[in-house]
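Counting from 97, one number per residue, gives the positions in the sequence shown under the numbering used here.
These are calculated hints, taken from the structure and not from any lab test.
These figures come from a predicted structure and were not determined experimentally.
Accuracy of the hints is not assured; some may be wrong.
Stated by the list, open to error - Quick list of the computed label-pair ranges, beta carbon to beta carbon: (1) H137 - K110: 30 to 38 Å; (2) K147 - D114: 16 to 24 Å; (3) L169 - L116: 17 to 25 Å; (4) A132 - E171: 33 to 41 Å; (5) V120 - L155: 14 to 22 Å; (6) V170 - A105: 29 to 37 Å; (7) L116 - T165: 17 to 25 Å; (8) A105 - L143: 21 to 29 Å; (9) D114 - L157: 30 to 38 Å; (10) A172 - T102: 36 to 44 Å.
Each residue gets a CB set at the ideal place from its N, CA and C atoms; glycine is no exception.
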Amino acid sequence: MFDDRTNLANQVVKDLRDFLGAQVFETIIPRNIRLAEAPSHGKPIILYDIKSRGAESYLRLAREVMNMTRKALVEA
């Protein structure tokens with residue numbers, strides 16, 4: 097969970113991308129109060145608040161994983 101307001105978080109992302117390159121997903125999951133609230137309500141973020149930044153980010157990440165998997169299967 098990423099907080100883009102801090103220099104440290106931005107530096108860590110840069111360092112990870114410089115060191116690991118394509119192994120790092122493009123999608124970043126932002127810190128978000130709705131993400132923190134969902135577990136206390138016993139729900140995944142997708143059911144708790146699908147329109148939150150966190151939910152939208154997790155959906156983008158899922159698409160990214162599926163696309164990478166699809167690409168790997170085609171190349172195999």
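Checked hints:
Roughly 35 Å separates the CB atoms of H137 and K110, a value that falls within the hinted 30 to 38 Å. Taking 16 to 24 Å as the suggested C-beta distance range, the pair K147 and D114 does not conform, at roughly 33 Å. The hinted window of 17 to 25 Å between L169 and L116 holds, with their beta carbons roughly 22 Å apart. Checking the proposed 33 to 41 Å range against A132 and E171 shows it holds: the Cβ atoms sit about 38 Å from each other.
About 19 Å separates the C-beta atoms of V120 and L155, a value consistent with the hinted range of 14 to 22 Å. At about 34 Å, the beta-carbon gap between V170 and A105 stays in the expected band of 29 to 37 Å. The hinted range of 17 to 25 Å is satisfied by L116 and T165, whose Cβ atoms lie roughly 18 Å apart. Here the CB-CB span from A105 to L143 is close to 28 Å, well matched to the stated 21 to 29 Å.
At about 21 Å, the beta-carbon gap between D114 and L157 misses the expected band of 30 to 38 Å. Checked against the hint of 36 to 44 Å, the C-beta distance between A172 and T102 comes to roughly 40 Å, which is consistent with it.
When held up to the earlier numbered hints, the structure conflicts with 2, 9 and fits the remainder.
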